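In order, the protein sequence lines correspond to chains Z and Y.
Just so we're aligned, residue 0 is where the first sequence starts under numbering that gives the first Met the number 0, counting upward by one.
Just so we're aligned, residue 0 is where the second sequence starts under numbering that gives the first Met the number 0, counting upward by one.
Misleading hints may appear alongside valid ones.
Each pair may be met inside one copy or between any two copies, as identical chains are not told apart.
Derived lysine to aspartate or glutamate pairs resembling EDC-like cross-links, with alpha carbons at most 20 Å apart [as the list claims (entries may be wrong)]:
1) K438 with E128
2) K305 with E251
3) K125 with D221
4) K235 with D345
5) K438 with D388
6) K380 with E177
7) K281 with E243
8) K281 with E251
9) K305 with E164
10) K125 with E92
11) K244 with E127
12) K244 with E193
13) K380 with D29
14) K244 with D272
15) K380 with E243
16) K125 with E460
17) K235 with E251
18) K380 with E87
19) K305 with D345
20) K305 with D388
Derived by calculation from the structure, the hints in this document are not laboratory data.
Every value quoted in this text rests on a predicted model; they were computed, and no experiment measured them.
Residues per chain are reported as follows:
Protein chains: 2
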Amino acid sequence: MTQGQAAFTIQNALVPTEQGYQTVDVQITDGWIRAIASELPPVGQVINASGQLLLPGFVNAHTHSSELWQRGMISPLPLELWLTELYELAPLEPEQIYLSALGTAVETLLSGGTTIVDHLVLIPGKEEETIAAAVRAYREIGIRAFVAPLIQDLSLEAGLPMRGESIAHPPYGRSTAETLALVERAVNQFHCPEAGIYIMVAPTGIQLCSDALFEGSMALSDRYQLCRHAHLLETKAQYDLAREKYSCSAVEHLDRLGFLNAQTSLAHCVWLDDADITLLAKTRATVVHNPLSNLRLGSGIAPLLKYRRAGINITFGCDGSASNDSQDLLEVIKIGTMLHNTTDFDYRHWITPREAVQMASLGGAIGLNLAGQIGTLEVGKIADLVLYDPTQHGVSPQSDPIGLLIWGRPIQPVRYLWVEGRPIVTEGQVTTIDLPWLKEEIRQHNLWNSERSPIPLNRTESRYRRVMGLGELA
Amino acid sequence: MTQGQAAFTIQNALVPTEQGYQTVDVQITDGWIRAIASELPPVGQVINASGQLLLPGFVNAHTHSSELWQRGMISPLPLELWLTELYELAPLEPEQIYLSALGTAVETLLSGGTTIVDHLVLIPGKEEETIAAAVRAYREIGIRAFVAPLIQDLSLEAGLPMRGESIAHPPYGRSTAETLALVERAVNQFHCPEAGIYIMVAPTGIQLCSDALFEGSMALSDRYQLCRHAHLLETKAQYDLAREKYSCSAVEHLDRLGFLNAQTSLAHCVWLDDADITLLAKTRATVVHNPLSNLRLGSGIAPLLKYRRAGINITFGCDGSASNDSQDLLEVIKIGTMLHNTTDFDYRHWITPREAVQMASLGGAIGLNLAGQIGTLEVGKIADLVLYDPTQHGVSPQSDPIGLLIWGRPIQPVRYLWVEGRPIVTEGQVTTIDLPWLKEEIRQHNLWNSERSPIPLNRTESRYRRVMGLGELA
Chain Z
0 MTQGQAAFTI QNALVPTEQG YQTVDVQITD GWIRAIASEL PPVGQVINAS GQLLLPGFVN
60 AHTHSSELWQ RGMISPLPLE LWLTELYELA PLEPEQIYLS ALGTAVETLL SGGTTIVDHL
120 VLIPGKEEET IAAAVRAYRE IGIRAFVAPL IQDLSLEAGL PMRGESIAHP PYGRSTAETL
180 ALVERAVNQF HCPEAGIYIM VAPTGIQLCS DALFEGSMAL SDRYQLCRHA HLLETKAQYD
240 LAREKYSCSA VEHLDRLGFL NAQTSLAHCV WLDDADITLL AKTRATVVHN PLSNLRLGSG
300 IAPLLKYRRA GINITFGCDG SASNDSQDLL EVIKIGTMLH NTTDFDYRHW ITPREAVQMA
360 SLGGAIGLNL AGQIGTLEVG KIADLVLYDP TQHGVSPQSD PIGLLIWGRP IQPVRYLWVE
420 GRPIVTEGQV TTIDLPWLKE EIRQHNLWNS ERSPIPLNRT ESRYRRVMGL GELA
Chain Y
0 MTQGQAAFTI QNALVPTEQG YQTVDVQITD GWIRAIASEL PPVGQVINAS GQLLLPGFVN
60 AHTHSSELWQ RGMISPLPLE LWLTELYELA PLEPEQIYLS ALGTAVETLL SGGTTIVDHL
120 VLIPGKEEET IAAAVRAYRE IGIRAFVAPL IQDLSLEAGL PMRGESIAHP PYGRSTAETL
180 ALVERAVNQF HCPEAGIYIM VAPTGIQLCS DALFEGSMAL SDRYQLCRHA HLLETKAQYD
240 LAREKYSCSA VEHLDRLGFL NAQTSLAHCV WLDDADITLL AKTRATVVHN PLSNLRLGSG
300 IAPLLKYRRA GINITFGCDG SASNDSQDLL EVIKIGTMLH NTTDFDYRHW ITPREAVQMA
360 SLGGAIGLNL AGQIGTLEVG KIADLVLYDP TQHGVSPQSD PIGLLIWGRP IQPVRYLWVE
420 GRPIVTEGQV TTIDLPWLKE EIRQHNLWNS ERSPIPLNRT ESRYRRVMGL GELA
């Protein structure tokens with residue numbers, strides 16, 4: 000990672016204590032937090048943080064950056080039909096991948112995220128260029144980035160339960176071995192933790208992956224010490240499909256394969272039953288909660304309070320911009336915590352704003368096997384930090400700073416943001432790239448016209464309605 | 000209402016058609032929409048709206064402005080316990096009411112709202128000053144405002160079901176007759192539709208109001224042609240209480256009293272059963288959906304898709320800033336539509352962004368008996384209009400403008416906003432008041448300190464846990 004300033008001091012920052020807040024100075028040298036105390040002697044540049052809230056950076060722990068190109072335009076459909084529209088409108092040029100990775104990083108940064116997990120959809124035939132483009136973007140902008148090439152070895156048609164019908168699936172366009180070789184080349188070329196770039200093994204999920212693909216991914220993960228990532232039980236259809244395919248639950252099957260461990264993070268986890276929850280807790284895998292895409296796609300409400308009670312580590316993800324048409328982590332954290340108050344009358348189980356902050360920061364770090372390095376504000380940790388300006392919290396009295404940040408829908412509240420001590424946001428502006436240029440580059444792509452004809456879903460839609468027990472189309 | 004510019008023309012605005020969009024000019028004179036067509040001869044000031052989206056204003060159809068003073072700080076608690084903290088921290092000076100009404104109006108305006116319904120909590124002993132302060136704020140800032148003095152005639156303790164316990168409730172501090180007289184004086188003094196200020200009759204709800212208070216309110220409503228407003232079945236406790244009190248549902252009881260008609264809007268409506276829904280549809284009353292406070296207070300998820308299928312008119316409200324710590328209508332509309340996708344597998348029932356826009360504008364107008372005057376972009380209607388700048392929609396390609404507005408979490412996208420043709424927001428800035436002054440005035444109130452001791456809830460909490468069947472406190 001490009002080295003930050005050799006030394007600087009954040010002065011008089013408000014930081015949370017067990018119950019309340021205290022005002023401290025924080026000394027950072029060579030990217031590390033060296034001291035936290037009242038009235039430290041200033042070293043290097045001094046940043047006056049008086050009345051401002053300093054927190055560890057959040058993790059956007061599951062997104063698909065290239066979906067930025069389909070933001071705001073895909074119809075309200077369940078995942079399995081939504082994918083059909085998604086494929087129709089997918090970007091096909093690596094240069095677009097570079098731009099959408101930058102754009103996704105910008106919105107993550109401006110809502111407090113210092114780390115991103117990009118479950119990266121690969122352009123067919125240009126897989127390595129896709130990965131290279133995303134890595135280039137993240138290195139340039141300076142966000143800590145986990146690039147997780149999204150792999151599968153079954154075609155889309157295999158993703159629905161059969162319900163006794165006999166449907167032949169066309170073979171997937173690339174063999175399992177080729178796919179694993181592709182990931183291994185990406186590891187050799189790009190995996191570089193000291194530069195803040197990490198490759199993950201990331202089979203998309205049980206619905207489109209063979210056991211061989213999971214096993215090959217595990218082997219790579221073990222050989223190169225890579226974190227593991229996958230979608231898990233996002234929809235009811237996937238829940239039913241797993242029972243058909245494995246005669247057991249998806250969690251049980253993945254556990255038997257050995258895919259689930261403390262370095263595995265699993266996006267969605269909407270359709271786990273109580274036995275699955277007990278089992279998942281044992282594996283020490285992390286749940287990545289994507290509440291907004293779960294709502295937009297009608298996938299369901301993940302049993303988050305049950306996960307907490309089972310001791311499962313949880314963090315948040317925005318998911319891609321085509322299924323949550325924003326990459327605002329603060330929105331995800333707000334909704335992703337409040338939503339679950341409706342699932343348990345006992346308010347003593349509800350998630351507080353302080354707990355939400357910890358889930359978004361330390362929870363993210365744990366899931367990425369980085370809890371020893373980032374995720375808390377502690378001496379000896381890497382300075383992935385965010386300073387929030389409370390005057391950006393709309394029209395408000397001075398009330399609880401974390402309450403206002405998490406519940407108050409602040410408008411671009413990030414004043415400073417550092418990744419390994421390097422300033423990425425300064426006075427509310429992303430400084431490492433030319434943001435007006437980026438916005439204009441992306442805006443030049445005009446994806447709508449007033450007469451956009453609906454994409455023909457018919458064949459897929461008929462089958463979907465049949466297997467989900469919905470009525471026939473008129 | 001202070002007259003707007005005599006005449007102006009919005010040129011080349013993008014407006015929705017049945018399926019897509021078209022570009023039109025809109026001529027406005029003396030506060031009315033006079034013409035909508037391509038290439039109209041410009042009259043008066045010309046506003047270049049090229050590539051920008053013009054929509055009818057939204058309605059923030061249920062809020063409590065004075066809760067701005069408790070934003071971000073009340074613990075995650077269910078309504079009945081949350082109220083205890085709310086009362087502890089309530090503002091007590093009419094000058095505070097003036098400031099918080101301005102602040103609530105600002106956030107409503109900057110998220111596309113041209114009308115606000117303020118279910119106004121009255122300062123004990125200063126009831127008329129409270130109403131006067133809110134009216135003054137709304138007249139100054141120029142938002143169309145329904146001021147609904149929140150009235151009750153039972154004390155807070157009456158708001159929980161008895162479950163066979165015999166609990167004496169202290170009498171409420173003001174008699175039913177005095178309360179109704181107070182509302183009538185407010186009507187005589189402030190109700191002035193031609194100035195954009197409307198008084199509503201607004202008993203808080205069945206949990207704290209006698210039949211006499213409802214009946215007195217209905218009489219005032221009939222005598223002065225006032226809209227009616229109340230909370231309805233926000234919580235499970237209220238559902239149970241109604242059955243105890245009336246031996247029938249709250250909807251049935253209010254219908255028998257005659258309170259429900261086409262000029263009645265009802266906040267929350269979380270706990271209606273199927274029979275209630277059928278009955279409510281017959282009354283033609285409007286449901287005001289407050290999804291965010293329903294989540295924060297764990298009240299539940301309103302059966303919104305059932306309301307739609309029953310033909311009930313629906314619109315949105317932010318609710319007060321102590322139970323949804325933001326007054327951003329776009330946030331409420333996004334969550335308040337997507338949330339319900341999880342309640343029905345058949346995506347053909349899901350709410351589209353275009354339908355959401357109509358609910359927030361025309362739906363609001365219908366509930367306030369103003370559908371003949373506002374709520375759509377039509378010649379002959381009053382110019383309560385909003386022009387959105389799509390370049391504020393974060394980093395995005397040009398995709399569906401309404402999709403981006405509703406789903407994309409834009410950052411202060413309102414470029415112009417007019418109420419009866421009067422410009423209230425110009426180039427993204429509220430022009431009718433001094434916003435930096437307001438923000439500073441409110442920020443001077445420091446409501447937190449690092450050692451804020453938890454408010455003692457014990458007696459109320461024990462009773463609440465008992466009647467709700469939750470476990471004993473440790």
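Here is how each hint holds up against the structure:
1. K438 with E128: Neither way: K438 and E128 sit 22 Å apart in one copy and 49 Å across, limit 20 Å.
2. K305 with E251: Within one copy only: 18 Å inside a chain, 37 Å across chains, cut-off 20 Å.
3. K125 with D221: neither (27 Å within a copy, 71 Å between copies)
4. K235 with D345: Close across copies (13 Å), not inside one copy (27 Å); limit 20 Å.
5. K438 with D388: So K438 and D388 pass the 20 Å test across copies only (14 Å; inside, 24 Å).
6. K380 with E177: Answer is neither: 39 Å inside a copy and 64 Å across each miss the 20 Å cutoff.
7. K281 with E243: neither (25 Å within a copy, 46 Å between copies)
8. K281 with E251: within (12 Å within a copy, 50 Å between copies)
9. K305 with E164: neither (35 Å within a copy, 33 Å between copies)
10. K125 with E92: For K125 and E92, the Cα distance is within 20 Å only inside one copy (8 Å; across copies 66 Å).
11. K244 with E127: Neither. Shortest intra-copy (31 Å) and inter-copy (69 Å) distances fail the 20 Å Cα cut-off.
12. K244 with E193: This pair counts as neither: shortest intra-copy Cα distance 41 Å, inter-copy 67 Å.
13. K380 with D29: within (11 Å within a copy, 63 Å between copies)
14. K244 with D272: within (17 Å within a copy, 39 Å between copies)
15. K380 with E243: neither (46 Å within a copy, 58 Å between copies)
16. K125 with E460: neither (30 Å within a copy, 61 Å between copies)
17. K235 with E251: within (17 Å within a copy, 37 Å between copies)
18. K380 with E87: Answer is neither; intra-copy 44 Å and inter-copy 41 Å both fail.
19. K305 with D345: within (12 Å within a copy, 27 Å between copies)
20. K305 with D388: Intra 34 Å, inter 42 Å, cutoff 20 Å: neither.
When each numbered hint is compared with the structure, violations occur for hints 1, 3, 6, 7, 9, 11, 12, 15, 16, 18 and 20.
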